[in-house]
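K.L.:
Each chain, written out:
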Amino acid sequence: MAAVSTAVARPSGLWLAFRRNRLSWVGLVLLAAIVLIAALAPLIAPYDPIEQHIAYRLEPPSAEFLLGTDTYGRDVLSRLIHGARISLIVAFAAVAIAMVVGTFIGVVSGYVGGMFDQVMMGVLDVKLAFPTLLLGLMIAAILGASLENLIIAIAVTEIAPFARIARAPTIALKQRDFIEAGRALGFGPLRIMGVHILPNMIADVVVMGSLWMATAIRTEASLSFIGLGVKPPTPTWGGMIREGFENILTAWWLAVFPSLAILLTVLALNLLGDALRDAIDPKLRAE
Amino acid sequence: MSVDDIVLDIRDLTTEFLVGGRWHAAVRGLSLALRRNETLAVVGESGSGKSVAALSLLRLLPQAGARIGGGEIRFAGRNLVALSEDDMAEIRGNAIAMIFQEPMTALNPTMTVGAQIAEAVLTHRRVSRAEAVVEAIRLLEEVRIPSAASRVHDYPHQFSGGMRQRVMIAMALACRPSVLLADEPTTALDVTIQAQVLALLSELKTAHGLAVLFITHNLGVVAQIADRVAVMHAGEVVELAPVGELFARPLHPYTAALLRAMPRVDVDSEDLEPIPGQVPSIAAVLPGCAFAPRCSFRQPGCVQERPPLVAIDAGHEHFVRCPVRAPAQEPTP
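For the record, the sequence lines run as chains W and H.
Just so we're aligned, residue 1 is where the first sequence starts under our numbering, counting upward by one.
Just so we're aligned, residue 1001 is where the second sequence starts under our numbering, counting upward by one.
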């Protein structure tokens, strides 16, 4: 029975491989810090993010306001910390939904093939033909402005790329001998897709996911700016960049700090994505 | 021949492919009975239809452009040709299993071999995953993988070709099938490993009373493993005989030519004798014997009508499809 216990402890192999990669630590620590900051926002933010200090409008970074203040005299650091919550929730949730739905469509479409595949890909091509922002705008406008609807709108815009990225390797994998061997063992289509196809292509999808999270944060910014996202004065990174953009020449800190926040988050996600890809591939994992 | 021992009975099986808008037969009227505890080797050169025949038995032909055009596959009182896809999936891997030519690519690179064997067990048996892993270790031991309990957690790329083929065999045996289809399982291996895998297969055949359909183009392998041999040419069996009989008394000109084209250490010959021409394309439908254009015994009658497969011995064990070397006296049983 000793063998069974090691079999159960198997996922640690993945973790071990993940741990060996130094850059994965940078990504992990960075992301953990961002998530922690977002989670503890009310405790660590020096000011109320929507409180207006009219006397201190457009203050540059100082000891009192570490990252300066915006046009309404609100503390940029506090808004940045609180904004992390919305931005992360929206980006994670939207990409998670898009990844699950898109991968499902892509794998099924690629595996089933034929007419079904043609129709599905046709529909997705039509969707891809719309600019992301325009599509998000349409959906957000139809559903109305709220956090949930914003997540749905962004998720829908990102389904097509995930379906595409999942379909291509599925079609290539379908020809492989172990799929045929699986069929000869009596595996049903679902088992083949779940056991043989998904694990062989999930790395691509996960890495894609970390990249598209950046796009999700950007789309959130754009939609929020137009007024179809999270309503002001609730702080979001995207919203802050848009607001700060108007004053970029006179008050650079308004747009630069939220941009840096997005940059760091995306960097962390990409490092994690790469490390995860390497950890998933058993050839790179083996000694 | 005891009728009770017949596990898989193929009757007049025809498999067709869609080529240029028309259906052409790649396997023509194949009739073979596979018995318990025997290895029936199917030999023939590339394009003779032997792999297609094996895939037809499990109904694993590509969905578009291929079909079983006629005939029956009797197994456990049922006709596999008429079964629903769900019923067929229940038979695959469970009652009839298959091992493939390329052990390098027939295993999923992202799963440990133990997990893959366990998956095969879980497909057909109601056991927990932990029990399936224990069964996987037992199967790896059965196919003689050293220190199976630790190797069960290794990935396919950590195994050599011969070891991978053993893993494939373990997977195929996971659900105790009664029939094993082996499609050139040793072609990708070097000779010493090939001999080991063949010995293992023989041993497992005896231990489980398996009926093994062994597809190969290698007559040396046939001599090592087969009990009976079916020689295929252009989608049909041209000669069927016990292995000793076939090597001692090859009657069909194609069988004789195949044997002459095989290198042997016990015969001193400078040159091997190749068979002229090639297996005719499936689109070229010949009215007579398909081997006639390549045959040195050809008679005018050969090209007019398709010769039947006739028994040439009293025991009904040796069948030949040739009007010249084995003229028809009685119809095929």
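Since the hints were made in silico from the structure, they are not lab data.
Some hints here could point you the wrong way.
[As the list claims (entries may be wrong)] Derived list of chain H stretches under chain W, where covered just means 3 residues or more per stretch with a C-beta under 8 angstroms from a C-beta of chain W:
| no. | segment |
| --- | --- |
| 1 | 1112-1123 |
| 2 | 1235-1247 |
[Stated by the list, open to error] Here are some of the chain H residues that sit facing chain W, going by a computed Cβ distance under 10 angstroms:
| no. | residue |
| --- | --- |
| 3 | Trp1023 |
| 4 | Ala1076 |
| 5 | Gly1093 |
| 6 | Asn1094 |
| 7 | Ile1099 |
| 8 | Thr1105 |
| 9 | Leu1259 |
| 10 | Arg1260 |
| 11 | Met1262 |
As the structure is a prediction and not an experimental result, all values here were calculated from the model.
Beta carbons: idealized from backbone N, C-alpha and C, even for Gly.
K.L.:
Now look at each hint and say whether the structure bears it out.
P.N.:
How the hints compare with the structure:
no.	hint	result
1	1112-1123	holds (count 5)
2	1235-1247	violated (count 0)
3	Trp1023	violated, 19 angstroms
4	Ala1076	violated, 15 angstroms
5	Gly1093	holds, 3 angstroms
6	Asn1094	holds, 6 angstroms
7	Ile1099	holds, 8 angstroms
8	Thr1105	holds, 4 angstroms
9	Leu1259	violated, 31 angstroms
10	Arg1260	violated, 34 angstroms
11	Met1262	violated, 28 angstroms
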